[in-house]
Amino acid sequence: MNSNFRKLRFPLAVAGLACALLAHSGDRLLATGGAQQVEGAGGGGIVPWALIAGYGTNRQIGGSAFYTHVDTQDFKLDSYGLAVGFFDLLEVSVAKQEFDASSVVPGLKLKMDIVGAKLKVFGDAVYDQDSMLPQVSVGVQNKRNTNMAIPTAVGARSGSDTDFYVSATKLWLAGFMGRNVLGNLTLRATRANQMGLLGFGGDKKNSRSLQPELALAVLLTDNLALGAEHRWKPDNLGAFKEEDFSDVFLAWFPHRNFAVTLAWARLGTIAGKPKQDGTYLSVQLTH
Amino acid sequence: MKPLFQRWACVLAGALLAACAASPSAKPALYERLGGEPVVTRVVNETIDRAATDPRTSRSFKDVKLARVKEKIVEQICSLAGGGCKYTGDPMDKVHKGLQNTEAEMNLVVQWLRDALDRAGVRESEKNELLRLLAPMKRDIVTM
Numbered sequence: 001m002n003s004n005f006r007k008l009r010f011p012l013a014v015a016g017l018a019c020a021l022l023a024h025s026g027d028r029l030l031a032t033g034g035a036q037q038v039e040g041a042g043g044g045g046i047v048p049w050a051l052i053a054g055y056g057t058n059r060q061i062g063g064s065a066f067y068t069h070v071d072t073q074d075f076k077l078d079s080y081g082l083a084v085g086f087f088d089l090l091e092v093s094v095a096k097q098e099f100d101a102s103s104v105v106p107g108l109k110l111k112m113d114i115v116g117a118k119l120k121v122f123g124d125a126v127y128d129q130d131s132m133l134p135q136v137s138v139g140v141q142n143k144r145n146t147n148m149a150i151p152t153a154v155g156a157r158s159g160s161d162t163d164f165y166v167s168a169t170k171l172w173l174a175g176f177m178g179r180n181v182l183g184n185l186t187l188r189a190t191r192a193n194q195m196g197l198l199g200f201g202g203d204k205k206n207s208r209s210l211q212p213e214l215a216l217a218v219l220l221t222d223n224l225a226l227g228a229e230h231r232w233k234p235d236n237l238g239a240f241k242e243e244d245f246s247d248v249f250l251a252w253f254p255h256r257n258f259a260v261t262l263a264w265a266r267l268g269t270i271a272g273k274p275k276q277d278g279t280y281l282s283v284q285l286t287h
Numbered sequence: 001m002k003p004l005f006q007r008w009a010c011v012l013a014g015a016l017l018a019a020c021a022a023s024p025s026a027k028p029a030l031y032e033r034l035g036g037e038p039v040v041t042r043v044v045n046e047t048i049d050r051a052a053t054d055p056r057t058s059r060s061f062k063d064v065k066l067a068r069v070k071e072k073i074v075e076q077i078c079s080l081a082g083g084g085c086k087y088t089g090d091p092m093d094k095v096h097k098g099l100q101n102t103e104a105e106m107n108l109v110v111q112w113l114r115d116a117l118d119r120a121g122v123r124e125s126e127k128n129e130l131l132r133l134l135a136p137m138k139r140d141i142v143t144m
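Protein chains in written order, with our numbering: chain A, 1 to 287; chain B, 1 to 144.
Only chain B is shown next, with the shape it has when bound in the complex:
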């Protein structure tokens, strides 16, 4: 029992060291590593187009100016991911107020976002970093 636990501890310590050694001091901002505005715009367009047309999620996008939604999402990602933008849209809870979005709808859109990021050639690590930034928004988006 002891040796095994020690082995675990060693593996963990080694992994942490490797993680520290691997992170260079001047890493470009996430927005840049995602591919900047061209890639983010493409990913957001694909995701929102899918969400606005799929019968499982389209109800939340009725009577909505899709071009503006896409633009504001790109702006918000740029702001969150260190791209130097300022988000000028409404707060997320206000935007989604009254839509009664469900967890199922949210998860579907997240899956489409992941698919779009994969298709755009965004690497696993940048994809996960972006999702980490966006995930807490679930509290403002899902109200049902």
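So here's chain A without its partners, still in its complex pose:
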């Protein structure tokens, strides 16, 4: 692949997906596309769900765009991107992450591009209320650090890699005290260090490991969800201990096409800085 194309492929993908989005507006039920997680896939805040992003039905194209800001004691993470759902079957997403690590090295910003795809395999999380079967999807996230030198310097074996995951999502109408409940279990095969911002693989472990990711949310009303997520992570780098991510979130859909998610995130030790807790704010346009 020549370097010009490599440089251009991300903006090209964004432009292509934006065009696909303008083509049609979706008619799925309010909030059933979820939010976009921090790596760009349709889901919660940190966990991809089996739902296909946007409001597109089996005959429509839908999608969403998001911007997320996470702020902890020592770090800031900005993430933004676009996801397009084709026929409630295939989701394609692009996202950019910018991780401000000035507290470790003054002026240091780590940037990563993520291209994702998710395919619904079976099930209907919303309508299959007479069945225990969840909606199940499989997905990939290809991640590429724009500066490969930094991941390598911290002991990672590579600056780019691909995560594979399978997600099962189920909505239980009137599941808890009359409120609708959403449950999600994702299993991710990954060798990413801090989602990939510190590269992939390390001296402790260089191969992929299987990590579970959970989400549980209660819909207080049709447009307000209160939930929590927990994401187990590998711990590949001897120099930089890595811990699980978790969050408690409130997602509000004041309008069909607009959502705000506010979360309290516990991100553990990152790049040698322990107990990184902070706020997570995400805004999303859904189509």
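There's no promise every hint is true.
Partial list, derived from the structure: chain A residues whose beta carbon lies under 10 Å from chain B [claimed, not checked]: (1) Asp27; (2) Val126; (3) Ser131.
For the chain A half of the interface with chain B, some residues (derived, Cβ under 8 Å), not all of them [unchecked claim]: (4) Asn58; (5) Tyr127; (6) Asp128; (7) Gln129; (8) Asp130; (9) Ala174; (10) Met177; (11) Arg179.
Hints were generated in silico from the structure; no laboratory data involved. Heads up, the beta-carbon is just placed ideally off N, CA and C, and yes, glycines get one too.
Got chain A sorted already, so can you dock chain B onto it with the hints?
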């Protein structure tokens, strides 16, 4: 990692206990809690009137006796929600055969049903219970 998982487990166990404690043994049937025939009739009338007039869904209601459709839907909800009625209409797959209803059309009608339930003052929990009973009908209604 362990303590957090334990905390989750505690929250979940606590929630389940609360749910068990909160459900009284002699809860009235859903139909009664919805408000019985007056409320259900009002909700069904509003929903079907909207569906029959909105250009996005009206095609499926052409040449249909709306009064009968409404009556049969009320009867079916009464039957499903423990109101003691017997549904005397045709099976849902037969009723919708050949209409080629899309998911988009179905979702619109569901949204109007939710709106009508909200307007009628039906509580969140009763609304969700009713939707849970009706949701599997999508398989018989949507064929496209």
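Evaluated hints:
1. With a least beta-carbon distance of about 4 Å to chain B, the hint placing A:Asp27 at the interface is held under the 10 Å criterion.
2. About 7 Å separates the beta-carbon of A:Val126 from the nearest beta-carbon of chain B, less than 10 Å, and the hint is met.
3. Interface restraint check for A:Ser131: the shortest CB-CB distance to chain B comes to about 8 Å, inside 10 Å, so the restraint holds.
4. At about 5 Å, the closest approach between the beta carbon of A:Asn58 and any beta carbon in chain B falls short of 8 Å, and the interface hint on this residue holds.
5. Because the closest C-beta pair between A:Tyr127 and chain B is about 4 Å apart, less than 8 Å, the hint holds.
6. Hint status for A:Asp128 relative to chain B: holds, with the closest Cβ pair at about 7 Å, below 8 Å.
7. The interface hint given for A:Gln129 is met, as the beta carbon of that residue sits about 4 Å from the closest beta carbon of chain B, less than 8 Å.
8. For A:Asp130, the suggested interface contact is upheld, since its CB lies about 4 Å from the closest CB of chain B, less than 8 Å.
9. Interface hint status for A:Ala174: upheld, as the beta-carbon distance to the closest one in chain B is roughly 4 Å, under 8 Å.
10. Nearest Cβ of chain B to the Cβ of A:Met177: about 6 Å, under the 8 Å cut. The hint holds.
11. The interface hint given for A:Arg179 is met, as the beta carbon of that residue sits about 7 Å from the closest beta carbon of chain B, less than 8 Å.
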